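First to last, the protein sequences are chains A and B. Residue 1 is where the first sequence starts when you use my numbering, and the numbers rise one by one after that. Residue 1 is where the second sequence starts when you use my numbering, and the numbers rise one by one after that.
Hints in this document: simulated from the structure, not taken from any laboratory. Predicted model only: the values in this text are computed from it and were never measured. Hints should not be assumed to be uniformly reliable.
[Claimed, not checked] So the derived label-pair ranges between C-beta atoms look like this:
1) P52/B with R372/A: 38 to 44 Å
2) A39/A with P106/B: 39 to 45 Å
3) G143/B with L360/A: 33 to 39 Å
4) L103/B with A59/A: 28 to 34 Å
5) P106/B with V211/A: 40 to 46 Å
6) Y166/A with W110/B: 55 to 61 Å
7) R372/A with P106/B: 53 to 59 Å
[Unchecked claim] Simulated coverage check for chain B against chain A, where a stretch passes if three residues somewhere in it have a Cβ under 8 Å from a Cβ of chain A:
8) 69-83
9) 103-110
Note that the Cβ used here is the ideal one computed from N, Cα and C, for glycine as well.
The lines below spell out each chain.
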Amino acid sequence: MPVAAWPALAAVAIGAGLAAALLLVHHKAAVLAVLAVGAALLVVAQRTRAGERAAASAAAHPRLVPVAVAACGLGLVMLLREDNFALLMLCTVALQTLAALGLHLQFGYAGVANFAGAAFLGVGAYTAAVLGGHLPSVLVLVTGAGLAALAGLLLALPLLRTRGHYAALITIAFGLLLRTFLEVNDTLGGPQGLKVPGFTLGGLAFNDAIVFDEDTEWSFYVPYAVLALALLGATHVLVRRLERSWIGLALDAVRVDETAAAAFGVNGGAWKIAAFCVGNALCGLAGALLAMVTGFVAPPSFAFGDSLVLVSIVILGGIGNPLGLLPAAFLVVVLPEKLQGLQEYRFLLFAVLVILVLRLRPGGLLPRRLRRWPGLP
Amino acid sequence: MLEVSGLTVRFGGLTALDGLQLRAAAGELLGLIGPNGSGKTTFFNALTGFVPVSGGQVRFDGKDITGAAPRRVAACGIARTFQRLRLLSELSVFDNLMLGLHLDLPHGPWVNLFARRRLAAAVRERAAEARELLAVFSPALAGRLAEPLRALPMIDRRRVEICRALVRAPRLLLLDEPSAGMTPDETAALMDDLHAVKARRPGTAVILIEHDMAVIERVSDRCLVLDYGRRLCEGSFAAVSRDPEVRRAYLGEA
Ligand SMILES: Nc1ncnc2c1ncn2[C@@H]1O[C@H](COP(=O)(O)OP(=O)(O)OP(=O)(O)O)[C@@H](O)[C@H]1O
Ligand SMILES: [Mg+2]
Numbered sequence: 001m002p003v004a005a006w007p008a009l010a011a012v013a014i015g016a017g018l019a020a021a022l023l024l025v026h027h028k029a030a031v032l033a034v035l036a037v038g039a040a041l042l043v044v045a046q047r048t049r050a051g052e053r054a055a056a057s058a059a060a061h062p063r064l065v066p067v068a069v070a071a072c073g074l075g076l077v078m079l080l081r082e083d084n085f086a087l088l089m090l091c092t093v094a095l096q097t098l099a100a101l102g103l104h105l106q107f108g109y110a111g112v113a114n115f116a117g118a119a120f121l122g123v124g125a126y127t128a129a130v131l132g133g134h135l136p137s138v139l140v141l142v143t144g145a146g147l148a149a150l151a152g153l154l155l156a157l158p159l160l161r162t163r164g165h166y167a168a169l170i171t172i173a174f175g176l177l178l179r180t181f182l183e184v185n186d187t188l189g190g191p192q193g194l195k196v197p198g199f200t201l202g203g204l205a206f207n208d209a210i211v212f213d214e215d216t217e218w219s220f221y222v223p224y225a226v227l228a229l230a231l232l233g234a235t236h237v238l239v240r241r242l243e244r245s246w247i248g249l250a251l252d253a254v255r256v257d258e259t260a261a262a263a264f265g266v267n268g269g270a271w272k273i274a275a276f277c278v279g280n281a282l283c284g285l286a287g288a289l290l291a292m293v294t295g296f297v298a299p300p301s302f303a304f305g306d307s308l309v310l311v312s313i314v315i316l317g318g319i320g321n322p323l324g325l326l327p328a329a330f331l332v333v334v335l336p337e338k339l340q341g342l343q344e345y346r347f348l349l350f351a352v353l354v355i356l357v358l359r360l361r362p363g364g365l366l367p368r369r370l371r372r373w374p375g376l377p
Numbered sequence: 001m002l003e004v005s006g007l008t009v010r011f012g013g014l015t016a017l018d019g020l021q022l023r024a025a026a027g028e029l030l031g032l033i034g035p036n037g038s039g040k041t042t043f044f045n046a047l048t049g050f051v052p053v054s055g056g057q058v059r060f061d062g063k064d065i066t067g068a069a070p071r072r073v074a075a076c077g078i079a080r081t082f083q084r085l086r087l088l089s090e091l092s093v094f095d096n097l098m099l100g101l102h103l104d105l106p107h108g109p110w111v112n113l114f115a116r117r118r119l120a121a122a123v124r125e126r127a128a129e130a131r132e133l134l135a136v137f138s139p140a141l142a143g144r145l146a147e148p149l150r151a152l153p154m155i156d157r158r159r160v161e162i163c164r165a166l167v168r169a170p171r172l173l174l175l176d177e178p179s180a181g182m183t184p185d186e187t188a189a190l191m192d193d194l195h196a197v198k199a200r201r202p203g204t205a206v207i208l209i210e211h212d213m214a215v216i217e218r219v220s221d222r223c224l225v226l227d228y229g230r231r232l233c234e235g236s237f238a239a240v241s242r243d244p245e246v247r248r249a250y251l252g253e254a
């Protein structure tokens, strides 16, 4: 019996609806109401096994669902087209999710904890600040990703020689070091930071507002949001494919039992370094584009706390399931902006959220499932 | 095929293996017995690169693999199981088996990320082979390929671990106490499994560590008794079990 497409489509629509509602509402009460609806839907989905039906239906329609997701993303951007603030948040969510995908590849698959995500974002961002205007924007993004991967390579040796908590400490130290370096380096603007030229593509400058006539003007964030969502979508597809391949299996084996893996010829060190580099490249890519979106970089945006934000997105979302990262990033990025007075307490909020989720759903919002191999039912 | 001479492993002051001499020929099933702590597992660990070798030599197919890293040992065609199962319990049965095939699988980005149709065809083919291999042990198990490993009973986990070591058609198979923690019925089934392995891979040499003498008696071609890291005696099971020193050291007779 063919599986119907509507449960998957409904899930996508509900997700997009919640995202739109969260971005559009302003009142504290309304924000909390949206959250309550989201939580209720999650509980209902679990109780009625609707979530599983949606997943089965999505699996049965591998072409339709990505189209629906893309359409919803575009629709969301169009809905917010005149709202600078909401679009900026959407860009931030998309790019933080992109960086979290990198961390998720490192931690969720290869088992390498990275508490310096923000530092690698910073490498990308400062690359955009220094090279922007001198190189085509696309090349700047690629260079940002490449330099972040290179910077991570510096840590490869110490990471391989240490294990568990000690490896995590090394990444923390690296993050602190990089931030201090940025603060004292005058060519990189010191504590004041640098301006970042906007993204341009074939004569189209993303930083210009899109003016149709006197009454119709779209925010300049519209093309950025589209670009960020497109990058996120493409990367998500690639990470998914990676998981469902021999590469994903090798990474899982290294994470679960490196000794057993070695007995069958798996080079654990090489796989961990590869995952670490690719993950950092994603962070660098996200950082470079985020810097172009905000037009400005400074050391405080790449602090330890920002690395923790990325880690909490990965834990909230469900370690090993990339689909959960987007809702988790929404919660972590948008909530503090919406709930005035929460800004100062945001780490407390994340801590509470992480504890709640781990308590109620130990696998995260969307826990990992068994690998679905291509070619197998 | 395998020639071990003078193999010595020390852990600090403790000599776990003391100048061990051992040979195994293609197609032979060598039973390795000895009291607890006599160095049987240490021998496997030294052979497969998991503990450093303090002296002696290991040659496999004429190549010197003394102290080689686990990866190189695996690449030579030596596969093992672990005394305490080391399966990937959060992954599926299929995933576990495919780990055994790691060295034969393509890991390039193109095949894995973009040539998805080719990948799907390869996965289907591998799954068919895996099912066939599992069916040698248990037809019911072959039907559970997609299930998470932790859903399986103990006997089937052991079988999966043995199959994981077999998928790449190793030349030498090292089995470390496969009957540990099994009921007598399960042990009997395991003996049939070992016969099936021998029939299916006639050229593969097997070294079997086993405490259950009935298993050794029924499946081994030859056995070797270890005591305090030294070879106590070697020969057919009948000859070994008559040896007075073995009876004293191992079978607990005065
Ligand atoms: N990694 C290690 N470090 C220190 N000592 C070890 C190590 N591995 C084994 N030993 C010691 O070496 C001796 C031999 O151990 P081994 O595990 O090889 O025995 P075994 O013959 O496999 O015994 P069993 O039948 O109980 O499995 C024991 O005294 C053990 O405590
Ligand atoms: Mg042992």
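For each hint, the structure was consulted:
1. P52/B with R372/A: 38 to 44 Å: holds, 41 Å
2. A39/A with P106/B: 39 to 45 Å: Given range 39 to 45 Å: holds, Cβ gap about 44 Å.
3. G143/B with L360/A: 33 to 39 Å: holds, 35 Å
4. L103/B with A59/A: 28 to 34 Å: 31 Å Cβ-Cβ, so the 28 to 34 Å window holds.
5. P106/B with V211/A: 40 to 46 Å: Cβ of P106/B to Cβ of V211/A: about 52 Å, so the range 40 to 46 Å is violated.
6. Y166/A with W110/B: 55 to 61 Å: violated, 36 Å
7. R372/A with P106/B: 53 to 59 Å: Violated: the Cβ-Cβ distance is about 19 Å, outside 53 to 59 Å.
8. 69-83: n = 8 at 8 Å, threshold three: holds.
9. 103-110: holds (count 5)
Checked against the numbered hints above, the structure violates hints 5, 6, 7; every other hint is satisfied.
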